[in-house]
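Given the coordinates of chain G, assemble chains V, R and Y onto it according to the supplied hints.
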Amino acid sequence: MMLRWWLSTSALLSSLTIVLVLGFLLQSSWPLIQQQGIAFIIGTEWYPFESLFGMLPALIGTIWAVALALLIALPCGVAAAILCSELLPKSLRGSVRFGMELMAGVPSVVYGLLGMWLLLPLLESQLNLLTGRTLLAAGLLLALMILPTIMVLSEDAIRAVRQSQREAAKNLGIGWDATLWRVLLPQAWPGIRVATLLATGRAMGETVAVMLVVGSIDRIPEPFYNFLQPAQTLTSRIGREMAEASVGSLHWAALLFCGLMLAVVAMGIALLSDRRRTVI
Amino acid sequence: MFQRWFANALSGLLLVGLLVVSLPAASVTIKVAGSTTVLPILTEAAKQYRVIHPELNLTVSGGGSGMGVANIERGTIDIGMASRPLSEGEAGRIGDTTDVIPVARDAVAIAVSKAVYESGVTQLSLSQIAAIYRGEIRNWRELGGLDARILVIDKEASRGTRHVFADVVLGNPRARAAGATIVTGSNNEEQSVISRSDQAIGMLSNAWLNDRVRAIAVGEGDAAVLPTAENVAEGRYIINRDLNILVRKHSRDEVKGFVDFLRSAQGQAIVQTVGFHSVR
Amino acid sequence: MTADCKYEGFPAVESASPIESVESDGKQLSALLTVDKLSLVLGGKEILQRVDFSLAKAGVTSVIGPSGAGKSSLLRCLNGLETCWSGTVAVDGKDIRQWRGGWDQLRRYVGLIAQKPVVFNASIRANVCFGIHGWRQRRRADELVEQSLRQAALWDEVKDRLDASATTLSMGQQQRLCIARAIAIKPKVLLLDEPTASLDPRSKQLIEQSMLQLAKDIPLLCVTHDLEQAQRLKGRTVFMCDGRVIEQADCDQLFKQPQCIETREFLRWSVCDCD
Amino acid sequence: MSLLPTQHRDALSKGMVLLFALPALLIPTTVLCYIFWQAMPVLSLSFVFGSADGAGFGVTEGVFPQLVGSLLLAVMACLIAIPFALATALYHRTYATPHQQRLLNTLFTMLQGIPPIVFGLCGLVVLVNLFAWGVSLLSGAVVLAVVVLPLLVLNTLATLERIPLTYSEAGSALGLGKGAIIWRLWLPRCWPQLLTGLLLAMARALSETAPIMFTATVFSGVVWPDSIFSPVTTLQTHIFYLAQEGSDPLVISIAWGSAAVLVLLVASFGLLARLLQKLGAH
Chain G
639 MMLRWWLSTS
649 ALLSSLTIVL
659 VLGFLLQSSW
669 PLIQQQGIAF
679 IIGTEWYPFE
689 SLFGMLPALI
699 GTIWAVALAL
709 LIALPCGVAA
719 AILCSELLPK
729 SLRGSVRFGM
739 ELMAGVPSVV
749 YGLLGMWLLL
759 PLLESQLNLL
769 TGRTLLAAGL
779 LLALMILPTI
789 MVLSEDAIRA
799 VRQSQREAAK
809 NLGIGWDATL
819 WRVLLPQAWP
829 GIRVATLLAT
839 GRAMGETVAV
849 MLVVGSIDRI
859 PEPFYNFLQP
869 AQTLTSRIGR
879 EMAEASVGSL
889 HWAALLFCGL
899 MLAVVAMGIA
909 LLSDRRRTVI
Chain V
713 MFQRWFANAL
723 SGLLLVGLLV
733 VSLPAASVTI
743 KVAGSTTVLP
753 ILTEAAKQYR
763 VIHPELNLTV
773 SGGGSGMGVA
783 NIERGTIDIG
793 MASRPLSEGE
803 AGRIGDTTDV
813 IPVARDAVAI
823 AVSKAVYESG
833 VTQLSLSQIA
843 AIYRGEIRNW
853 RELGGLDARI
863 LVIDKEASRG
873 TRHVFADVVL
883 GNPRARAAGA
893 TIVTGSNNEE
903 QSVISRSDQA
913 IGMLSNAWLN
923 DRVRAIAVGE
933 GDAAVLPTAE
943 NVAEGRYIIN
953 RDLNILVRKH
963 SRDEVKGFVD
973 FLRSAQGQAI
983 VQTVGFHSVR
Chain R
964 MTADCKYEGF
974 PAVESASPIE
984 SVESDGKQLS
994 ALLTVDKLSL
1004 VLGGKEILQR
1014 VDFSLAKAGV
1024 TSVIGPSGAG
1034 KSSLLRCLNG
1044 LETCWSGTVA
1054 VDGKDIRQWR
1064 GGWDQLRRYV
1074 GLIAQKPVVF
1084 NASIRANVCF
1094 GIHGWRQRRR
1104 ADELVEQSLR
1114 QAALWDEVKD
1124 RLDASATTLS
1134 MGQQQRLCIA
1144 RAIAIKPKVL
1154 LLDEPTASLD
1164 PRSKQLIEQS
1174 MLQLAKDIPL
1184 LCVTHDLEQA
1194 QRLKGRTVFM
1204 CDGRVIEQAD
1214 CDQLFKQPQC
1224 IETREFLRWS
1234 VCDCD
Chain Y
5 MSLLPTQHRD
15 ALSKGMVLLF
25 ALPALLIPTT
35 VLCYIFWQAM
45 PVLSLSFVFG
55 SADGAGFGVT
65 EGVFPQLVGS
75 LLLAVMACLI
85 AIPFALATAL
95 YHRTYATPHQ
105 QRLLNTLFTM
115 LQGIPPIVFG
125 LCGLVVLVNL
135 FAWGVSLLSG
145 AVVLAVVVLP
155 LLVLNTLATL
165 ERIPLTYSEA
175 GSALGLGKGA
185 IIWRLWLPRC
195 WPQLLTGLLL
205 AMARALSETA
215 PIMFTATVFS
225 GVVWPDSIFS
235 PVTTLQTHIF
245 YLAQEGSDPL
255 VISIAWGSAA
265 VLVLLVASFG
275 LLARLLQKLG
285 AH
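Chains as they are written, first to last, in this note's numbering: chain G, 639 to 918; chain V, 713 to 992; chain R, 964 to 1238; chain Y, 5 to 286.
Chain G with its partners taken away, still in its complex shape (with noise of 0.2 Å):
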């Protein structure tokens, strides 16, 4: 039985990399919370040459920045793909849906380059901002990157609705913007559901067009809900520190526990996103 040897070590294997990941992300920033305990994720001062690990005005930016791209991503995303399925005549469908999904695919340093040198820009001039690298510039940066994946997960949703269900609504004379809001969206919401839950997972995720767009400075904006200001997301710290935190330090530590907690928020979420076919 060499095939279910093989098929099964297999298995283990790569079903342990999840395990042996936590596992070890957990182990190395053991040693920050057993000093500190865990009130340094409430802090608000991260300066690692003082061993103060403040993860809050991350958070803070790392929130504010996904709720804006969603935001701006998702009432847009769903605009276009209502308009795709819906009012679009057959022909234009088709290369309307295969431009997204070219753009779903394409890298996110792209995004980053196109934020520097098309966003910041843009935002100076229009906004006459001290800097243009802000929390609303990661938000918009991030909906463009999570727009394409949005529209084509959603087209699917309201396309798998049956024209019949269409028809019926037509019967009863109820009007194009009465079946959209009570026929086909409350049927297509599972989709939708989760095309955001995934799209939410991705842009928390994002490390290089952040970093690049974020001002990656540790401080909580002023009245904390003003996004005009440079702030600070996890990834982004994780990505300007990463390379000369001195391993085993507990500069180290702290920053493999943000890595921590990406991982945990963004494995609830991917597991919200796909109910019924996983154990939860």
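These aren't lab readings, by the way, just hints derived from the structure by calculation. Wrong hints could be hidden among the right ones.
Stated by the list, open to error - To give an idea of the chain R side of the interface with chain Y (calculated C-beta under 8 Å), a few residues:
1. Gly1064
2. Ala1160
3. Asp1163
What the hints assert, rightly or not - To spell it out: a stretch of chain G is covered by chain V in this simulated footprint if at least three of its residues, at any positions, have a beta carbon under 8 Å from a beta carbon of chain V; those stretches are:
4. 683–696
5. 759–769
6. 878–884
Said to hold, decoys possible - Calculated pairs, DSS-like style, for lysine-lysine (alpha carbon to alpha carbon, straight line, at most 30 Å):
7. Lys1057/R - Lys728/G
8. Lys1179/R - Lys1219/R
9. Lys182/Y - Lys1057/R
Where a beta carbon is used, it is the ideal one built from N, C-alpha and C, also for glycine.
Frame of chain G; chains V, R and Y shown alone:
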């Protein structure tokens, strides 16, 4: 040119097709990593050194002085670059196994945007610069310049240039910069921010100044000193430092050969051409 | 989207021939829906050829004929699901293409019930009052829901689980729910496309009863393959074949003495007790 | 809203949808055109295949070393990931108990969610330092393989699940063992979809920057890696470093040029995957 291009294209496709797992180690490789300030010297020297020793191959990457020190400590590179002296912790850890060899002298210029320079801010005292970086002075008007908020650019804490700047201006090498607006990484990132904004102040190595990024004189009243070649050579300009390369004590002789080349007359000539001051 | 040649969203105003003096012909006046020289070409095939008939103010009109005679397409033309047909269809004396409110307003006037019951995955109550505009009116439409369900002979079976999901109902119950949903918006005409096909006899009987009861005040046009059902529903019967109306007469008169050869051929072929 | 006759309300709501959908449709296309417009002055065949001469600072005209580095990393990552992904999916379809199946689904859905930078972190510590592979092609390929693994597993699983049960039962009715069913029934039927999954994985591996930034790449100085233990330069990191350049317009247009090359490369794999999907569907 065509043969060269055609040969490359052919071998490119061949290799991807063959998917050779391990290629014969044709030539000896010296790995160099570390401060982006020292990078131009090493790359120019590498190019000229290959003329003498064609079989030698040098891989160069940036990442900052911290990365140079960390990688030498981890043993993943042959030559580390640091634009600052080793801190006590580092000296303790790797002091006895690695030599710190200065190859050039450089001044950390206090760089301001062109508009700020032309609006009258041509010299600042150490205390004024410290006040800006601590957030006590927020507008150029208080320093006799144009009426605009100051875009204070800080560098990643591990960068050599920041280490020297903080040591001289703020008192200790790891000081906080509460007034900082954004944090940048490499010298060219900081250079691009200063040149694009018209109200920015930052810390740049002398070789990175250009017409849009102007250095200001540092000092009280008429004792202010511009970071010109003579001032740095005679040490009158106070914010200066050695650009060091870190080499393990008993490293391979190709590495020793390259280090000697750097300190040779030809090496020091390269230092001059790149814009720094020779160590002799 | 149905394969329509004109953009269905906005009603296509076509230079249809004006209805000739409807008032002059008495019987015509009382007709609620008149179809005049309706012909439909879909994908190169002539589905309907110069169909003429009219629905009286009340009573059931059943349409029989071999499959592929264009019966279902006729219904779809009447309520605007098919739009590239020529000829004129008038409801209340007004050509349906000139309706100010567009196809949606027409469909609130002319209800259509499809052959396979289609329910929205919502509660039974929400399904019945789905056609009512405005969520406040829907919330206060309890007695309308009860009245529609009673008319569709479904009230006794669902009165205690109105908030259960509609997908839990059986096929027969779902079809009656569709009927209740259609009559809840009080249409002036009701079109039914083989309402009782593939249903159990009991549901079939309940649906026919509710159709007869409805036919007392609004005209019903019912396409069916079940000749006994056509006879039980009484009213007029229209025999169609290959897209043309061969003969239309009162139900007993058509079944007892069919005039045209095709009708007689069709009735003898389907083993019916005609002389 | 309900006061208007339905006709006007429809027109209004369709207008609103159009209003919101327009940015979603126009911005991506303008972005693509902007990239290629900026890359135009530099983009040429010699740019793609011309190589920077040896250990130059790398900011010369050619991006061939970067192209080689990216392709090598992606190909090696897929080579490492394929056997594990295929084996896991086949185990899931053949020997796994229902509980194990749900467990595998959970694990790989979670693995797919984890941000790639986290794998970069672990790769740097474990592979580069602990295993002392150093910053090299191998550690980068292994990290990328882990990033790409869940995508391959879930894609292969979806393909195998689409094979009707009766198809496999017919095979086992003839007394075929599990191995025979796999090699002679399943794989011949769904190899196009598996290949599509592989191409998508290649496209994904080519567009990851964070994991390989510190585990596999150097800024310049290498055209062909000497061995799997020597570092490479990649298009992604090349774009990242050059994006921060401030003064020299040539460097910036080289950055745009390599961005255009990378987008074309990833798009070609995506295109190939779609073509194969259509081919496989018939």
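Okay, the hints, checked on the actual structure:
Look at Gly1064/R: its Cβ gets to within about 5 Å of chain Y, closer than 8 Å, so that hint holds up. Restraint check, Ala1160/R versus chain Y: the minimum CB separation of about 30 Å is more than 8 Å; hint violated. Contact between Asp1163/R and chain Y, as hinted, is not supported at the beta carbon level, the nearest pair being about 31 Å apart and thus beyond 8 Å. Under a criterion of three residues with beta carbons nearer than 8 Å to beta carbons of chain V, the stated coverage of the stretch 683–696 of chain G is upheld, 4 such residues being counted.
Counting residues of the stretch 759–769 of chain G whose beta-carbon sits less than 8 Å from any beta-carbon of chain V gives 4, enough to reach three: the coverage restraint holds. With 6 residues having a Cβ less than 8 Å from any Cβ of chain V, the stretch 878–884 of chain G passes the three-residue criterion, so the hint holds. With a CA separation close to 34 Å, the supplied pair Lys1057/R and Lys728/G exceeds the 30 Å bound. Distance restraint check for Lys1179/R and Lys1219/R: the Cα-Cα separation of roughly 25 Å lies within the 30 Å cut-off, and the hinted pair is therefore satisfied.
Taking the CA atoms of Lys182/Y and Lys1057/R, the gap is near 71 Å; set against the 30 Å cutoff, the hint is violated.
Going through the hint list in order, the structure does not satisfy hints 2, 3, 7 and 9.
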